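Trainee: All chains should be modelled from the sequences, with the hints used to inform the complete structure.
When we follow our numbering, the leftmost residue of the sequence shown carries the number 1, and every step to the right adds one.
Hints are computed from structural coordinates only; laboratory data are not their basis. Each hint should be verified, as a subset may be incorrect.
[To be verified] Between beta-carbon pairs, the in silico distance windows are:
| # | residue 1 | residue 2 | range |
| --- | --- | --- | --- |
| 1 | Lys62 | Gln7 | 18 to 26 Å |
| 2 | Asp32 | Gln7 | 13 to 21 Å |
| 3 | Pro9 | Glu51 | 28 to 36 Å |
Owing to the predicted nature of the structure, the values given are computational and were not obtained by experimental measurement. Even glycine gets a Cβ: it sits at the ideal position worked out from N, Cα and C.
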Amino acid sequence: MPNLLIQGPYGPAYLVALKAPSNTVGRAAINDVVLDDPRVSRFHAVLNIDEPFVTIEDLASKNGVYVNGQRVSIDVLTHGDMLTLGDCHIRFVAEEQEYSHIEAEPMPSIPGPRVDLGRPRK
Numbered sequence: 001m002p003n004l005l006i007q008g009p010y011g012p013a014y015l016v017a018l019k020a021p022s023n024t025v026g027r028a029a030i031n032d033v034v035l036d037d038p039r040v041s042r043f044h045a046v047l048n049i050d051e052p053f054v055t056i057e058d059l060a061s062k063n064g065v066y067v068n069g070q071r072v073s074i075d076v077l078t079h080g081d082m083l084t085l086g087d088c089h090i091r092f093v094a095e096e097q098e099y100s101h102i103e104a105e106p107m108p109s110i111p112g113p114r115v116d117l118g119r120p121r122k
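Mentor: The structure is reproduced here in C-alpha cells:
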C-alpha cells in the first residue's frame, strides 16, 4: 500500500500508511489522515485507491490542493509527487507502482452514432 510522508508546520515528519478504498484528509479528528494546521479545512481532500491508481480530490477546501506546485481539483498520483495542503508538505510514496506517468491519447474520431450518408434508408 502507498504511504504519505507528512511534514506539517509543527513537529517532525511522520509516515502514514494509506488504506483501500479511500482516505479522508483534513483537520477534523474523524479523518483518516489528520493534519494539525489551521490552513487545512476540516475535510480538505480524499485519496482514493483503485489499484493501480491513487487519486487525490479536493473537497472544496478553502486553500486548495496542490500537486507538484499546481492547484488541482482531482489528480492521479505517482511515486514522489509532492502534495501541499495548507502549510503541510506531503510526499506520496508508492515505490511498487507499475507506472510513472499517465498521458491521454487523442481520440481518432468524434464518438457517437455513425451515419452512412451514401446508403438509402429503408
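Trainee: So, for every hint listed, does it hold in this structure?
Mentor: For each hint, the structure was consulted:
1. Lys62 with Gln7: 18 to 26 Å: Because 21 Å falls inside the window, the suggested range holds.
2. Asp32 with Gln7: 13 to 21 Å: Holds, at about 18 Å.
3. Pro9 with Glu51: 28 to 36 Å: Cβ of Pro9 to Cβ of Glu51: about 33 Å, so the range 28 to 36 Å holds.
Violated hints: none; the structure is consistent with every hint.
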